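Colleague: Make the complex out of the two chains shown on their own, each in a separate frame, by following the hints.
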Amino acid sequence: MKILKFGLFFLWVALGVGFCLTSSTWAQEKVVRMALKASDIRSLDPHYGTTTIDYACIDPMFNGLVRFKPEDINPEKIEPDLAEKWDRSKDGLVWTFYLRKGVKFHKGYGELTAEDVKFSLEKAANKATSGFAADYSALDKVEVIDKYTVRLTFKSAIPSVLGILTNYHGGYIVSKKAVLEKGDKFKLDPIGTGPFMLKEYIPKEKVVEVRHPEYFRGKAKLDRIELWFMPDASSREMAFRRGEIDIVEGEREQAWVNKMRQVAGTAIEIFGPGETLVLHFNMTKKPLDDIRVRQAICHAINLEELMKFLGPDVTEKLVSPIPLNYLGGTDKVPGYEFNPEKAKKLLAEAGYPKGLDLSMVITEMSDYRRPMEQVQEQLRRVGINLKMDVIAHSAFHEQIRKDVNPLVLYVCARFPTADPMLTQFYHSKSIVGTPTAITNFSHYNKIDDLIEKARVEPDTKKQKAIWAEAQKKIIEDAAALPLCITKFVFARKVNVDLGYEMRSTLTLVTTIKETTDIRK
Amino acid sequence: MSNGALDLSDQVPRNDFKEEVVIKYAIRRMIFVLPTLWAVVTFVFFLIRIVPGGPAVAALGSYATEESIRALEKQMGLDEPILVQYGKFLMNLCQGNLGKSLITNKPISQEIARALPYTLDLAIGGMIIGILFGIPTGIITALRRNRPPDYIGRILSLVGISMPEFYLGILLMYLLAIKLHLFPVLGGGDLSHLSSRLYHLFLPALTLGIIMTAFISRMVRSSMLNVLREDYVRTAKAKGLHERAVIYKHALRNALIPTVTVIGIYMSILMGGSVLTEIIFSRPGLGKMMVFAVKDRDYIALQSVIIIFSAFVFLFNLITDLLYSIIDPRIEYH
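So the protein sequences, as listed, match chains W and F.
Just so we're aligned: the first sequence equals residues 1 to 520 in this note's numbering.
Just so we're aligned: the second sequence equals residues 1 to 334 in this note's numbering.
In isolation and in its complexed conformation, chain F is listed as follows (with noise of 0.2 angstroms):
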């Protein structure tokens, strides 16, 4: 988020300027996320520490005896005091090596590389889904306020936000797949064939998409309503200008910046969505990943997928800030 670095002024300054400003501002936002990431992966290697449990367990099964979990668990450094195992772990992170997998041994930073762009894929998916459906719905529905089709809009948007997606999934999965015979339900597709990957994603996405719809609607509705009170929306209408220009020229642009705004942080949310859709639809992930590094209390995968996750959450933050001086040049950043 802005952190209160924003601030709105009515002059527009200089473009060569305006970019010095925005590259500064941009450095200095990935300087201050090292220390977030920093807390991140400190809390989760202890606390994933403290949770009983561990991956030698996992790993042996119900064949495990004494010796051979005590045997495993030298092999894997667990013996060693956490301190050190902590100090191994941070100088590993530094030199860009997030290590390997407590369970399948291999290096985790291939894991992540080919699941991370099955979880991007679903994540942005839903995304387009939730802007192409949210904005229009939101804009018709603020429109024909207190009409038939805002409250229409506004149940479906309402079953929308309370539907889990595990329930929802499982609902389009049934209806689309089994029932129509339409779209698969197993996998990711094939990443080297775009139209296996669209195929393979559109269910999933549909699934976060529908719940993307939903909250962006909403958002939109709120903000064009807001909007279409203001003086110089009335002051458009008055000079005579056509509706559809007062609407998508003066009321919607503005009626975009709070929305421009939570949609960074659904973009987050979305990547934390992926976890349960991921599983629901057996597709590769990242979600998937975390939650079996959970079962299996892998703990070098898991704090691997976490700074992961932290470092998107940061970045898409830091893109929705930078994107609020495209859609208000009044916006300076310090």
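Isolated chain W (complex conformation) (with noise of 0.2 angstroms):
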């Protein structure tokens, strides 16, 4: 009895002083915390963070030349960032970019100058020193003019200039002085100009961010942000409902959306771009080498019922390899009407009257295995069986890559101009086994030329036209199918107000500015 008397008190002495303690500290700061579905980040130098949790983590800390607003990924709305104003030759490959004076880097690392952007663009376009070199292979020069004026040279027109300067990936602009003192460590101490710092990593557990007092759009309004790193989604929802996390990322799962709508206090948020879910064809394979096979596997996958499986809320059309809301996107493509008859036929045809095996691997991220797993179902119907193996993720992007499975389902999201999905997933450099593969997963050659051509066409309406007529003839080849778009849904509690209302980012998740406060 002594023993279970002495349990009960140490019980009570952790819980009050515990409880105290915690509730003291947080009611002295503004904080918000979220969870994030990941173990780790991978780099908090923006030029090699590859992960949603490494954009959560590094967006609050980087500015770039330009950025989106806050709301919006509309490449036709990138608006003035570090620099104040910009002008263009006539023939668009000189770009001159006047800075704002004044702009400080953390930690006393000083002012922003013309000499930390050509550092920063050149650093982001050396594939030794960044993760997305190939994104700046037309940048020929960054020239020094003055203090706060830098201009670009390139060697031939891109899609979108701004669109690579922008306030991701490699256009965010780091301190010169910071990266070479600081050399390998920069990856985990990183300096920029953005309105939250850097002052905690704890690997496996989380970043923690605090107020750059010096940020040139003035204090943000929260002390402190903190970014968990949260694999598990039970966890994550406890630590929400508990209220010890702010905002969180849920399932894109309908059950999931209705869930947490009742939960008091809750607002659930599913924005955009989302992912794109494309079933590529492996088209150097028997038998998908058959263009039938391919037009069957087309006809026997019924969208909206894998939409609506994975729920109405968080999915949206995707009628073509690039989404609608891309600088590039279109609608105007044939498309593959659900008609398992005729899908049957197509085998018959092709030499499968009893239809055909095949096999394959699926990483156990289950934003990949439930599609798939509807796919095979529905592939089932018309006598298609496939066999999945189910691989950790790390393992399956190993396997795709090594040309294992007549069909990939990628799910991704890209900059929101057409030019990256096609080169990467259709232009015969990317494809996969290749020296200079990326993830052309279908081995699809026929539209380099129209990629090119469009690369460089100054006018944007004959732009996209070409792109249209690239996806046009992706789809006429069957070499993708375009599935559906699911969009990214987060929980957040409705005290926190984030000072935008969010609509689409390429961050991926509910990003926090400078203007996001919690309100009383």
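You may find that some hints are simply not true.
No more than 27 angstroms apart at the CA atoms, straight line, and that leaves these computed lysine-lysine pairs for DSS-like [to be verified]:
#1 F:Lys-106 to W:Lys-182
#2 F:Lys-106 to W:Lys-37
#3 W:Lys-185 to F:Lys-88
#4 W:Lys-37 to W:Lys-69
#5 W:Lys-37 to F:Lys-100
#6 W:Lys-345 to W:Lys-387
#7 F:Lys-106 to F:Lys-295
#8 W:Lys-493 to F:Lys-106
#9 F:Lys-100 to W:Lys-127
#10 W:Lys-473 to W:Lys-69
#11 W:Lys-107 to F:Lys-106
#12 W:Lys-472 to W:Lys-461
#13 W:Lys-520 to F:Lys-179
#14 W:Lys-187 to F:Lys-295
#15 W:Lys-127 to F:Lys-74
By construction, these hints were calculated from the structure, which means they are not laboratory data.
Everything numeric in this text was worked out from a predicted model, so none of it was measured.
Modeller: Listed below in structure tokens is the structure:
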């Protein structure tokens, strides 16, 4: 009994003191805590960050020369950020940017100058120091005109110069002094100009950022933000319900959305641009080298049913490989209506009257696995038995790059112009298994000329027409089947005021800005 | 475990002589652990490299190009022949250098030093709760055999044993944190503040503690039932000793010998059980580190965590063996 009493005493002491300590600490500061589906960051150097958690941590710390509006990723509405204004030559090859004066880097790293911009863009364009060097292959040189003026010269016209200079990927401006001083350590101790600066990074747990007191748009309203790495969905939800987390990455499922809508004081945010779900067919391997088999698969898949299964609130139609809200997205492509009988007929014509067997690997990640399970069931109805081995996500990425799958479901979002997606998934230079491989899983090579032509076309209208033609060919050749778009789902405590209305963001998470506040 | 090195003897040796024997025994066991650790790390070293997926792909994510994957693999030293990598790994290990994480590039020793106290807190906390509740429950159910307290205790222990810790953890979270607002569900607290540390520890430790209670109570019950049938217990009762004295001084002490054995083993299980518990409660710790290392194919982190886990399993077993002599002075070490 004495032991039991001691145990209870221990419990109440821990409970009481811990509760008081935690409550008093929280009451003093304006803090927003966000939980994301991630195990850890990869890099806080913006030129290397590629995962959602990287974006979430990087975005509040950095700026670009220009930026997307906080609530919108429309490339036609890009606005000034570190640059106050800019002008361009008639041929669109020379761009001059005039920087804001008095912009300060974090932690006493001095004022932003044209030298930092030159250094940052050259770093972003160098594959030894950046993961996005390919985006800057057309950049010829960056010249410092004076302390606040920088000139960019391009070898050829590219679809969106402002696009590669936004607050995204290689467009983020870093402190030259900090990068040179910290070397490799910059990846985990970055210095930018954003409204928040890094305070602490605790591996496998969280990143803590605090207000940058000299931010050029004025001090952030929050004192601190915490970005927690929480891969387990139940834990994220519990922490949110308990009030220890203010913004939580949700599951892209209707059931989750419906459930969280019932939680008092919760706002559900479903925003774009979403990720495209596209089924790529390996056109070099039997039986998918036969267009009739690929067309049969297209006719066998019921997209309405798939979207209903994934959830009407979290999905959107995708009719061509490029979403409509991207520059170059189109709906003027031939579609494959759901027609199981036609699918069976096509299979019979191709020599498979009794159906066929296919096998593939799929990642354990539900964003991929769930839609693919639905596709598997739909294909089974027309006699296509798809055997799926579920493997770890990194193993999946490795295996699909080794060409093991006849079908590859790829879920992604890219910069919202048609060029990156068309280049990475449908240009012959991107075919997997080649030295220049990226993600061309279908081995498609029939639109190289169109992709390259559109890339240098200065007239946007003509450019869009070329991109539309390219997409039409992809669908006609049944190189890939666009399934749908799944949007991002977050839950937010209603007392957290983002300071903007979230519609779409390239950071793929609810981003914290200097305007974000906590309402009483 | 004892590896048959324990002997029971009717003679109680002199204390100074016994101390020397115990120390020698402990040193010998520690020397034997080195080849075991080597075998474990070698097995893990090769096994994880056979499994598809690599750290470069995990680190670069969906933007990975063939060229960038190869470049990063070179930077990580993964382009070298596997035996060269193995040789370097062993050499560094002998020098006490665990290396740097392939993903974060931070020294693994730093990450382990930060995570280890949380895992030890959890394992020890779970064990304390298990002992605090398991031993009394075991005694009560044994003394009230085939009566309602025994039935209830047995049913509850069966439930405790069968319930996966992630499920139990979520149930406790829902009840004690979400509904009653008593405990936090996030993080491990501040290590430098005991109260914050305990406050954050309670729920995860309770999760493991409930499972431990189930195991320990069953073990104590079974041992107590055996001991209560022994002649010396009957003799003690016949002498007219108070029941409490019979139970606590004569029966319990002997019943604890097999219990201590399992507690040593359970301590190792608890270290493993920390894996899911740490993930559910978003606590830092070695278990969480290990899972993420597997997921990201962070070979260096995984090898290091497994070495630490193996070392602790060995240590707990050694402590268990040494505890025998305290509980039962007749035990001798050879």
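Colleague: Now tell me, hint by hint, if it's right for this structure.
Modeller: We went through each hint and held it up to the structure:
1. F:Lys-106 to W:Lys-182: Given pair F:Lys-106, W:Lys-182 holds - Cα atoms ~14 angstroms apart, limit 27 angstroms.
2. F:Lys-106 to W:Lys-37: 22 angstroms, holds
3. W:Lys-185 to F:Lys-88: 24 angstroms, holds
4. W:Lys-37 to W:Lys-69: Holds, at about 25 angstroms.
5. W:Lys-37 to F:Lys-100: This hinted pair holds, its Cα atoms lying about 24 angstroms apart.
6. W:Lys-345 to W:Lys-387: The given pair, whose Cα atoms are some 22 angstroms apart, holds under the 27 angstroms limit.
7. F:Lys-106 to F:Lys-295: 17 angstroms, holds
8. W:Lys-493 to F:Lys-106: Violated, at roughly 34 angstroms.
9. F:Lys-100 to W:Lys-127: At roughly 23 angstroms apart (the allowed maximum being 27 angstroms), W:Lys-127 and F:Lys-100 satisfy the hint.
10. W:Lys-473 to W:Lys-69: Violated: W:Lys-473 and W:Lys-69 sit about 34 angstroms apart, past 27 angstroms.
11. W:Lys-107 to F:Lys-106: 22 angstroms, holds
12. W:Lys-472 to W:Lys-461: 17 angstroms, holds
13. W:Lys-520 to F:Lys-179: Distance of about 23 angstroms is within 27 angstroms: holds.
14. W:Lys-187 to F:Lys-295: 21 angstroms, holds
15. W:Lys-127 to F:Lys-74: Distance ~14 angstroms between W:Lys-127 and F:Lys-74 Cα, so the pair holds.
When each numbered hint is compared with the structure, violations occur for hints 8 and 10.
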